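Once you have looked at the hints, place chains S, H, L, U and G with the ligands on chain F.
Residue numbers (the numbering used here), protein chains in the order written: chain F, 1 to 380; chain S, 381 to 760; chain H, 761 to 1140; chain L, 1141 to 1244; chain U, 1245 to 1348; chain G, 1349 to 1452.
Read the hints as simulated data drawn from the structure, not as lab findings.
All of these numbers come straight from a predicted model, not from anything done at the bench.
Treat the hints with care, as some may be off.
[Said to hold, decoys possible] Heads up, simulated SDA-like pairs for lysine to any residue below, C-alpha to C-alpha not over 25 Å straight-line:
1) F/K211 x L/E1145
2) S/K691 x G/G1374
3) F/K42 x H/S970
4) S/K422 x L/E1171
5) S/K422 x L/I1174
6) S/K670 x G/M1349
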Amino acid sequence: MTYSLTDTLIRVWEMSGFANATWQQLVMILVSFVLIYLAVVKEFEPLLLLPIAFGMLLANFPMTGLLEGPLGDQPGGLLYYIYQGVELGIYPPLIFLGIGAMTDFGPLIARPSSLFLGAAAQFGIYIAFLLALAFGFAPEAAAAIGIIGGADGPTAIWLTTKLYQDLLPAIAIAAYSYMALIPMIQPPLMRLLTTQKEREVKMEQLREVSKAEKIVFPIVVATLCIFLLPSVAPLIGMLMLGNLLKESGVTDRLSNTAQNELMNIVTIFLGVSVGAKAVGENFLQLETLKVIALGLIAFAFSTVGGLLLGKLMYWLSGGKINPLIGSAGVSAVPMAARVSQVEGQKANPSNFLLMHAMGPNVAGVIGSAVAAGIFFALFG
Amino acid sequence: MTYSLTDTLIRVWEMSGFANATWQQLVMILVSFVLIYLAVVKEFEPLLLLPIAFGMLLANFPMTGLLEGPLGDQPGGLLYYIYQGVELGIYPPLIFLGIGAMTDFGPLIARPSSLFLGAAAQFGIYIAFLLALAFGFAPEAAAAIGIIGGADGPTAIWLTTKLYQDLLPAIAIAAYSYMALIPMIQPPLMRLLTTQKEREVKMEQLREVSKAEKIVFPIVVATLCIFLLPSVAPLIGMLMLGNLLKESGVTDRLSNTAQNELMNIVTIFLGVSVGAKAVGENFLQLETLKVIALGLIAFAFSTVGGLLLGKLMYWLSGGKINPLIGSAGVSAVPMAARVSQVEGQKANPSNFLLMHAMGPNVAGVIGSAVAAGIFFALFG
Amino acid sequence: MTYSLTDTLIRVWEMSGFANATWQQLVMILVSFVLIYLAVVKEFEPLLLLPIAFGMLLANFPMTGLLEGPLGDQPGGLLYYIYQGVELGIYPPLIFLGIGAMTDFGPLIARPSSLFLGAAAQFGIYIAFLLALAFGFAPEAAAAIGIIGGADGPTAIWLTTKLYQDLLPAIAIAAYSYMALIPMIQPPLMRLLTTQKEREVKMEQLREVSKAEKIVFPIVVATLCIFLLPSVAPLIGMLMLGNLLKESGVTDRLSNTAQNELMNIVTIFLGVSVGAKAVGENFLQLETLKVIALGLIAFAFSTVGGLLLGKLMYWLSGGKINPLIGSAGVSAVPMAARVSQVEGQKANPSNFLLMHAMGPNVAGVIGSAVAAGIFFALFG
Amino acid sequence: MSLLEGLQILVIGLGTVFLVLISLSGAVALESRIFSFLNKSKKENPAAEISTTPEKSTVVNASVGELKLIDVDERTAAMIMAIVSDESQIPLSELNFKYIKAIN
Amino acid sequence: MSLLEGLQILVIGLGTVFLVLISLSGAVALESRIFSFLNKSKKENPAAEISTTPEKSTVVNASVGELKLIDVDERTAAMIMAIVSDESQIPLSELNFKYIKAIN
Amino acid sequence: MSLLEGLQILVIGLGTVFLVLISLSGAVALESRIFSFLNKSKKENPAAEISTTPEKSTVVNASVGELKLIDVDERTAAMIMAIVSDESQIPLSELNFKYIKAIN
Ligand code: NA
Ligand code: NA
Ligand code: NA
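So here's chain F without its partners, still in its complex pose (with noise of 0.2 Å):
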């Protein structure tokens, strides 16, 4: 190969960006600089979404080969290294970890019905579903929409890995665009569906929960969820070793690590692997539309699916629950507990649902991993 001047011009020019930019790619960068707005100002989630939305403005430019894999002698690009660990299913599980060892399952325990709601909040995910499929999406791609509205970030990525991975992007950036939404979706659902006697119950104070019930809790829950449905078990389980690794007491150490340094290595390279799956082709379809619309369905239907139950539990407990907890359920922890902290305290000052709600709340976790599990049961 000679090196003239004007040859190695031409040859620096057709291999330029400007020379090779198709119009998706050039729009899905105009996507990432609005993500990476919603992320820094308007603070939607954004240790993720930023991340993301870097990943997905690097995977946009052309010419750069950082998806591709390995050919023959040649090793892969860097995004192609990093995004294997969305691929195998790893990062979502160890993300699990860290949130386990950040977790207080007290108000959970000091309240076990809580669980209730954590499973009602989940009505969102299956109605989703099925308008997807009434949308024409495949069972597996409509699976993979409907569990947006676990509003859980971790378990949408990783079921929707396993089930179709092109929709990853869209469905993880509204899962976390609608987790931060959380306080503008949910109040008017809960002021729609309950009345001011019913947001006004203050609550009785929970008990104190032993050190002991709390360290047994991570085991109870991983045996009896994974027994009852296997496929669980990377979910669960490792969000439940996070959360004994920190309850023990005696393993301090390891439970800082995997809340710090091992969530936010993992969380950086989980955020860019899942934007940099946003490349123009597959994104700008009018299916990401559909899961964005889609997705909003779900977050509103597993609000309401949390606050009916809530209502019935009121019913039945004779006024002793505050309906507006239900709403929690949906995870997106704390966020949704702190919701209905704030409608509790609008209807009632003295009212404080904070702790109460934090139940439904991590009950959610649980649930929309539950929910995972069996999309991937039937349709892994």
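Just chains S, H, L, U and G with the ligands, lined up with the frame of chain F:
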């Protein structure tokens, strides 16, 4: 495939753990509960035993696929991937990197004869090896069983992975459990084999060791050990790299990460992986009981070896060496050294053996790594 | 196989390093000792040079198998696996992620003309490339040698891995050593090429840069650079992701981990891997000496390039730019900027050039990444 | 997949979610009963082994015991001591606080 | 590769480096202009949304507001409070500082 | 493998362990001699380069030098300053402590 109500319910049931559990799995789950109890309540080396126990729990739930390798397009299970770090011999050397960064070899440098005790306290390794042969184990298995007597977890895991993976969980659990039981195993032997007069010996204060000596030490040890016994390179090499990072004083940030976050991450993965090997068919064998019995014998004879050489050194030094520091040569840092301290103080309340016992104690780490290297050279 | 006493002793001996060492290995071990001395006592970039030196030591012990790949069922050696992160081009971008999270581009944003100096100070790259060609190196090797003049370790390692792995250790060691020697290499050239009057110039205080500008900066740089030169994506992309994580202010925990634990872990692995490539047959060649000589020339001419453009800017600006900040354009952050500060203050004790030199200094990081991208596009 | 089948999956899926979480809720309630029962029998028989790791708080209390607190509550004092201990890597038992006093 | 070709690569390479970095410099200058323009129009129209995350400092100020600082400047006080808050994992808004006083 | 062979391995193995660790012990003793010899010759020739990194403590001492310590020992003071510096990310040399005083 149709999804009729009854069919699906049957399918969910047929895939659940209740329909598929073997008795071995149920027994293993109970065993894992016992190990969790020992780790959390009895504080038996919880940093490793708790992850091991939880890994065992996860691996014995039926139908989870956590341990399955990739099949065609389908990726493998989570524990399959995490286990690769054990399979490929990566985790134990990284743990040694962290241990090296935490270890102060000063007391050993101040009294190089400590190394003799660190050699003698490997005696149990060979006794257990011989007995294991007599019990009918293959030489590779016997070597892996013997190394329990090194009282050093990562070394035992490393060698067992190389020689005889089926025994991995039994050997790891035995090694860590007996390390936790050192305060019960050693004192009777110490009192049996030493006289009151010997135990009362106060030792001369150790000279101060200069920074330069501490920096050169890991280089000398790595060079000499690996020249004599190349197979020991991964363990001794990483141990001494960690120590050099610490002692050099110019790479504190690397040393800190090696002994904290990196070590914690690897510890979680290593523990869960080792536990995950403990599936019923392999673990619930007569062999496991033999391993556990032989492990105890190995610990006991290592203690005896150290004490007997301690007595010889007492005699040769004209009563300047307290033979109680010999038992610290088994490694099990720093428990064994503390046991020497406690026993010495019982005999003579003004006796402070801790620093004197730290020399043989860290020498024991080198000693068992060397013993592992020899076995690997012979049978690997 | 029988295990008679003499046979086994002979076997142990035959497998020992003493029976197998080549003179090259012995020489390399001595070289590694010299590097350890330079890293620890002379504090030559110890964070990377110490792991490199230790990796070199480990790789040159005979018979360890540390570098061997897997063979059939048998897993490969420890350093083989750790090296994969270099081989696949993963470690250098991750280091850049951390560097991005540590870098303040404020001074560069306040004075964008700093970027001209960051370009000019890549001059040595091309001079060394040309000389390397003249010395008979292949173009790929010449490019890798030239990049030493970028005064940027991860960039040099990344490009060399892509183009010519045999030279990896020589180039990495030269790059890091000369970076440590910047305070000796640059001042004579600075005094030679500038007049007392030029060196005395006090520069106007930099304007304050708003948070918003700092946030947008990494996005602009990534977009523009990668569009112009797609091959630069792994380096510039990760550098700017790290910077965005830092400047956004909403992902502090990710930024902290990227610049601390993740970077430290990768630094240990990267250093050891690079050193491990320095096995005798490849390293003890005349080529290595040529690389070291050419590296020095590269550093010198990069300094000259920066200074000369600095003089031009002094002249064009009517004496407002102190040409001493030009030499900081070589990168080697922040040493080169400190050298500018020191020389400026020698000429005029009330002269504070540090912040002014930080602009060209961080521009030099971008500049050498761009130069590496060009070489990769041409020869990769 | 037909919508009818989808509806069946809705029923089965949500049903299974409820099934699993209701079982969990039962198990947790059972766990609480067992612990409360064990605690009662322990109170009657105080010799039984109780705590898992109460040593840490004991250590803090011991240290607080040697210390005069002037216009400072115990929680604040413990916090201050924990910070200093953690940061200085000196175990609490070796740190010698004489007074912690609010300044005014 | 001949030296002549090498020389061409020198020219092209260094040229491209300059091209890229000069473009960058232009882009950065443009960015600064845009922001300075936006800031000006904001000052004229203070209702427009401005800050990205000024809430944190507001929180600090709020807390400082309830606090008497005696011979201590605000920066030091904020630092001390931040340390205590960070270390004790208690949000600043829940920590109750009454005085921060320099001792002499 | 026969027990006799096993016994041989016991002898060889334990022998090799002793061989390696005795060599190490010799090497360490030799290392100490060399350093002690070098130190002696250094004391006679104090111009020779000695320390590896004593600068850090110097910095601390310098700062302590500008500071009045009232009823506080140097170690405690250094610790306090290091904590504040580390937490506030302000280099020690830029922090301006006037007094560190024990309160009573
Ligand atoms: Na949920
Ligand atoms: Na040992
Ligand atoms: Na540069």
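Here is what the structure says about each hint:
{"no.": "1", "hint": "F/K211 x L/E1145", "in the structure": "46 Å, violated"}
{"no.": "2", "hint": "S/K691 x G/G1374", "in the structure": "21 Å, holds"}
{"no.": "3", "hint": "F/K42 x H/S970", "in the structure": "18 Å, holds"}
{"no.": "4", "hint": "S/K422 x L/E1171", "in the structure": "21 Å, holds"}
{"no.": "5", "hint": "S/K422 x L/I1174", "in the structure": "21 Å, holds"}
{"no.": "6", "hint": "S/K670 x G/M1349", "in the structure": "18 Å, holds"}
Of the numbered hints listed earlier, the single one contradicted by the structure is hint 1.
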